[in-house]
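Protein chains in written order, with the numbering used here: chain A, 320 to 397; chain B, 9 to 253.
I should point out that these hints are in silico values taken from the structure, not numbers from a laboratory. Check before you lean on any hint, since a few could be wrong.
To be verified - Pairs of lysine to aspartate or glutamate residues, derived as DMTMM-like cross-links and limited to a Cα-Cα distance of at most 20 Å, are as follows:
1) B:132 - A:333
2) A:329 - A:355
3) B:132 - A:355
4) B:132 - B:194
5) B:132 - A:376
6) A:341 - A:368
7) B:132 - A:361
Being a predicted model, the structure only gives us computed values, none of them experimental.
So the chains spell out like this:
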Amino acid sequence: MSDIAARVKKIVVEHLGVEPEKVIDSANFIDDLGADSLDTVELVMAFEEEFSVEIPDDAAETIRTVGDAVSFLEKKAA
Amino acid sequence: MFDLTGKTALVTGATGGIGGAIARALHGQGAVVALSGTRVEALSALAAELGERAHVLSANLADKDSVEAVVPAAEAAMGHLDILVNNAGVTRDNLFMRMKDEEWDTVIRVNLEAAFRLMRASVKGMMRRRYGRIISITSIVGVTGNPGQGNYAASKAGLVGMTKSLAAEVASRNITVNCIAPGFIETPMTDALNDKQKESILGNVPMGRLGTGPDIAAAAVYLASQEAAYVTGQTLHVNGGMAMI
Chain A
320 MSDIAARVKK
330 IVVEHLGVEP
340 EKVIDSANFI
350 DDLGADSLDT
360 VELVMAFEEE
370 FSVEIPDDAA
380 ETIRTVGDAV
390 SFLEKKAA
Chain B
9 MFDLTGKTAL
19 VTGATGGIGG
29 AIARALHGQG
39 AVVALSGTRV
49 EALSALAAEL
59 GERAHVLSAN
69 LADKDSVEAV
79 VPAAEAAMGH
89 LDILVNNAGV
99 TRDNLFMRMK
109 DEEWDTVIRV
119 NLEAAFRLMR
129 ASVKGMMRRR
139 YGRIISITSI
149 VGVTGNPGQG
159 NYAASKAGLV
169 GMTKSLAAEV
179 ASRNITVNCI
189 APGFIETPMT
199 DALNDKQKES
209 ILGNVPMGRL
219 GTGPDIAAAA
229 VYLASQEAAY
239 VTGQTLHVNG
249 GMAMI
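Go ahead and model the full structure; you've got the sequences and the hints to work with.
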């Protein structure tokens, strides 16, 4: 697992209070991890803070799964 | 009770009759206050009167960019923002049939749109900190209507609906969002009324007097306090019994 993926998963586990085993790439924040719409906004804010990046609203809307977040942030870092 | 030591508050329209009283009262309970308004001299005078724990932020709420800069400036000055008081408001009274687009636009832009922008900007930090108090000063006329104030009444009713919506969104994060609806209060805004108008208004106020800035400020202190943690999405009417809603 990349460093970015590990940091993303740590944020998701802490924020949503879910078991780390459930935080797999295909896990959908809302359907699989029990997030509500406000949680998803907060997750994006947490990613922005952790990785010091700006995630515009239209990009944020495409981040639905753990894997989406990891690949978005990996692209940003590249 | 109602201790605000360590809390930070932004009050817009802090040079006005009600805004100044709210700023004084929050400061008096121990809060750090940021005073926003268009008249820097008056803001500085108020800040000087309050002494420590007071910051001056010049802003023109009719200007979008100026509004967007207010919350970041308040956060920079005070470290973070716990309490937002949307108090700034203007009137451009006219009969409906004579109301110009510009009169409508100005009132909606300052009273409603600026409040939206300030709420949107401040709620982000409040969500992170899991704490916040947002208080908007609406008006009795937002509920009752008032001839000559179609624009003003619309903007004030808009604040109530906006408040309820945001309150529902962020309640789980310990952020409360409420309104205070003053009745007729002694301020420069109501000084513009003539004696006959005042007399006829007072005839409808069971308490038999105009309200004062401190009457409204006390309500703001309550809603800003820890003790009001379970009160959200509400409008607290402070009007001497003029309308019992």
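How the hints compare with the structure:
1. Taking the CA atoms of residue 132 of chain B and residue 333 of chain A, the gap is near 19 Å; set against the 20 Å cutoff, the hint holds.
2. With a C-alpha separation of about 18 Å, the suggested pair residue 329 of chain A and residue 355 of chain A falls inside the 20 Å cut-off, and the hint holds.
3. Taking the CA atoms of residue 132 of chain B and residue 355 of chain A, the gap is about 16 Å. The hint holds against a cut of 20 Å.
4. A C-alpha spacing of about 35 Å is found between residue 132 of chain B and residue 194 of chain B, which places the hinted pair above 20 Å, so the restraint is violated.
5. Of the supplied pair hints, the one linking residue 132 of chain B and residue 376 of chain A holds, its CA atoms being roughly 14 Å apart against a limit of 20 Å.
6. At most 20 Å may separate the alpha-carbon atoms for a hinted pair to count; residue 341 of chain A and residue 368 of chain A exceed this at roughly 23 Å.
7. Among the hinted pairs, residue 132 of chain B with residue 361 of chain A is consistent with the structure: their alpha-carbon atoms are about 9 Å apart, no more than 20 Å.
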